[in-house]
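> Now for the letters of each chain:
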Amino acid sequence: MRYPITLRVAGSLLLAGSALALTTSAAHAADFYLVARGFDATLPDGAVVPMWGFAECDATFTSCGPTTSPGPTLRVPPGEPSPVVLNLHVRNELAVPTSAYIPDQLAALSPVKFTDAMGRARVRSLTAETPAGGDGLYTWPDLRPGTYLYHSGTHPQVQVQMGLLGVLVYDAAPGVAYPGVPYDAEALLVYSEIDPALHAAVADGTYGTPAYPSTFDYKPTYFLVNGAPYTPGTPPLSVGEPGDRVLLRLVNAALGHRAPQLLGGYLSLVAEEGHPLAFPGERYGTFLGAGTTQDAIFVAGAEGVYPIYDRMGSLTTNNVSGGGSYAFLSVAHNALVNVTPAPLSGSPAAGRPSAPQQDLTPGTPDPAGLDAPADRGAFGCGAAETGGAGGLALMIALALGALVGVRRRGGWRRS
Amino acid sequence: MNEQITRLPAVVIAVVAAGLLSVTLVADVPAAEARINGLSGATTFNFTAKADHLSTGEGSVLLFWGIANGNGRAQYTAPTLILNQGDSVTIALTNELPVATSLVFPGQTHVSASGGTAGLLTREAAANGGTVTYTFLADHPGTYLYHSGTNPEIQVDMGLVGAIIVRPTGFDPLNPTAYGPPDTAYDNEVLYLMTEMDPRLHALVESQGVAALESTDYLSNPEPNYWFLNGRNAPDTMAGDGVAYLPVQPYSCMPMMHPGDKLLMRNIGGGKDLHPFHTHGNHFRLFAKDGRLLRTSDAAPISDLATYEYTHKAIPGETFDFIFEWTGEQLGWDIYGTGPGFHHTCTPDASGFDLVTKEYCPDHGKPIPVQLPPDFEVAIGSHWGGSPYLGHTAQMPPGAAGLNPMGGFTYMWHSHQERDMVNNDVFPGGMMTMLMVVAPGTHIH
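Quick note, the sequences are listed as chains A and B, same order.
Residue 189 in my numbering is what sits at position 189 of the first sequence, and the numbering runs on without skipping anything.
So my numbering is basically just the index in the second sequence, starting at one, shifted up by 415.
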């Protein structure tokens, strides 16, 4: 079944109705509605970790997709004249203030400061906060094409690690990532990590106390690609046919660096952090620093499964080898391009007590909204199992936006 | 430049050093004196993976897993393969380790594996005697690496990593190039394979086996405390190739050059950690990464995107090639000395350098701008030869280390992540060596 990418435009703008009025008449706007919620993630070894994530909703927040980390991939439709406006409508169902931030996309920021115990004004949020239980709107007035990380801008040293992260994709033109960089198929590889001790400390309110003072001692033991550690038997990402220009969108949301290394071929590095390179660099591996994105073109000469794995060694799951940051790219004639499973299979956190939240800056009170109850959303394993109430447009929006996966130019081949 | 030198008859520069020593330098300057040590002239290799113990720079020992050429002792780092472009290479691996193992060849695009059993990244040789065979076509020149493809987060740290050098088509040992284009020409070459080891991991594997790692966080939060160049910690990096007291660590890592030489450095990030490689003495011209020239297109005749750096972040799994040059240009004083006993001439070429000595003629005859302190006012370092002038030595007090009998200029080259310059917390050591610039005509080995 083929869904033209333009359906995403229709879906987005349909749902965007009222928000369009907020923008200037000349500008095209893409509106996304994200709810920030807690959920419980079940990891391959059975560990259950309290996470924060985003779910994509309709414009009234009455029907939402699964809450995931990474959150929904926000695909802004290409082909509209500049400027294109991005509006992120955030509903905050966490017990603490949060916000949305996209490094290297221009926006008017309103940093939030607080006064610490020593009387110093300190920043706790890179931009305006959405209070617990409240709604916020974040606007980028003139999007630049590229692959970007979006994440919480509030206490990011904690909230990003808790899972408030995702990817923004905005192509220069349909099937063209950057001017002069066309592609036939794409694969998204989002790296993240989990230190369960941090998540437990945030959940039970001991973060910022001597029990877990700060992320200074952050020690992740789960290393995720597209929201899940590799587990044996996971099917490879199908990325097209020999000779296809496969665009790898590499995104590192972790606090640690990654060095994805490809076996059996070379990558042509075409962009870093949304900025196209004047001359692509040819290499079999790359350095993907914490918080950065890169785009690379991979052209496989022959059918096969091509491993791409972290050469810095994040190849364990809870300290057991054979997990972590492995991914595999399948190149085959007449390939059916897969959609990968939704990130972080999890279970609803219903019934889990809403733990009191402490200030996320050690030793300093944060009076904003700490007592609001956390409404942990329902959580499913894939778009097909959820979002039914939203109708076809929402289904398509979720299929294209919520899933981290592989897309072929012109639309999905199979879902 | 080098071609011109080699066509000259032997030139004798006679200088008389101050004091008792008289040094005669014979400049016959053969091209490309220094070559990387490794296995060359073969395309079929029978390797055995096995365990052994290596010596660390401060005198300790670590269990390691290495590769033996044939069935001798394992070595760290694994044998350096020196191949020719177009070689069809076969590596038959026998595994005597207690765990399955394998080899992967990043940057090689025609790799096939046969025998053994399927693993995550490639086919593997089973523990305790399993075999597997790999073939690949070395169709591009350059600097590469190979390493374990089985739980590399363990096995690379344990020692299963080595270098591959592919000589370009038409390689001429008397006028060598790294990749073929003229801007990759060099006089001397040195390998600089950077790795590290977490001693906790090695101790646990030795005492309790690999499975015990699962009850630690050694893999998710490694704490390396040994850093290696070509399988040795400083100061052993500066010992010669194959010295008897390092029987499983055969590879030296001490660059030497004459003024004006082009020194090719083949650097490899072989471990799991970043190592900002830093040169003293000059910057360098970085012209290739991962076995590919830095250039605007494959049609570019030279590496026209080459850059100059003095510190390069070596990325795990990455290789990079650069050329380092040193002449003493614009030091502001005469590197061969002034005054009685230091007579020499300087005949500038179009660039201002003497053709033979590579002296920068505008500085010829300028005295060193300091008053040299007497011996009893200084602490004498082991690389001090007694004279500040290139090619000169002088009598030193009894007991001075005297590691610089050729009167060279010494520059430390090291990881600028300075933590990497210890051996299990003991400074100095680790990922550090010295560049020795020696006078024209001094033999480099």
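Read the hints as simulated data drawn from the structure, not as lab findings.
In this text the structure is predicted, and so the values were computed from the model without any measurement.
Cβ coordinates follow ideal geometry from the N, Cα and C atoms, glycine included.
One should not assume that every hint holds.
[Claimed, not checked] Calculated cross-link-like contacts (lysine to aspartate or glutamate; reagent style EDC-like; alpha-carbon spacing at most 20 Å): (1) 219/A / 744/B; (2) 465/B / 621/B; (3) 465/B / 502/B; (4) 728/B / 282/A; (5) 781/B / 764/B; (6) 728/B / 45/A; (7) 219/A / 204/A; (8) 781/B / 840/B; (9) 219/A / 621/B; (10) 219/A / 58/A; (11) 728/B / 833/B; (12) 219/A / 790/B.
[Stated by the list, open to error] The following label-pair restraints were derived from C-beta to C-beta distances: (13) 111/A / 631/B: 37 to 43 Å; (14) 139/A / 618/B: 37 to 43 Å; (15) 275/A / 781/B: 43 to 49 Å.
> All hints, please: hold or fail.
Evaluation of the provided hints:
1. A hinted pair counts as satisfied when its Cα atoms are at most 20 Å apart, and residue 219/A with residue 744/B does not qualify at roughly 49 Å.
2. Restraint check for residue 465/B and residue 621/B: satisfied, since their Cα atoms lie roughly 13 Å apart, inside the 20 Å limit.
3. A hinted pair counts as satisfied when its Cα atoms are at most 20 Å apart, and residue 465/B with residue 502/B does not qualify at roughly 27 Å.
4. About 17 Å separates the Cα atoms of residue 728/B and residue 282/A, which keeps this hinted pair within 20 Å; it holds.
5. Note on residue 781/B and residue 764/B: the hinted pairing holds, with a Cα-Cα distance of about 19 Å set against a maximum of 20 Å.
6. Simply put, residue 728/B and residue 45/A have alpha-carbon atoms about 35 Å apart, too far for the 20 Å limit, and the pair is violated.
7. The suggested pairing of residue 219/A with residue 204/A holds, with an alpha-carbon distance near 18 Å, which does not exceed 20 Å.
8. Taken as a hint, the residue 781/B and residue 840/B pair is broken in the structure, with Cα atoms around 43 Å apart against an allowance of 20 Å.
9. Using a Cα cut-off of 20 Å, the hinted pair residue 219/A and residue 621/B is violated, with the two alpha carbons roughly 25 Å apart.
10. For the given pair, residue 219/A sits about 37 Å from residue 58/A by alpha-carbon distance, which is inconsistent with the 20 Å threshold.
11. Restraint check: the Cα-Cα separation between residue 728/B and residue 833/B comes to about 13 Å, which is no more than 20 Å; the hinted pair holds.
12. Between the alpha carbons of residue 219/A and residue 790/B the distance comes to roughly 52 Å, so the proposed pair goes past 20 Å and is violated.
13. Separated by about 41 Å at the C-beta atoms, residue 111/A and residue 631/B satisfy the suggested range of 37 to 43 Å.
14. With their beta carbons about 56 Å apart, residue 139/A and residue 618/B fall outside the hinted range of 37 to 43 Å.
15. The hint said 43 to 49 Å for the Cβ distance between residue 275/A and residue 781/B, and at roughly 47 Å that hint holds.
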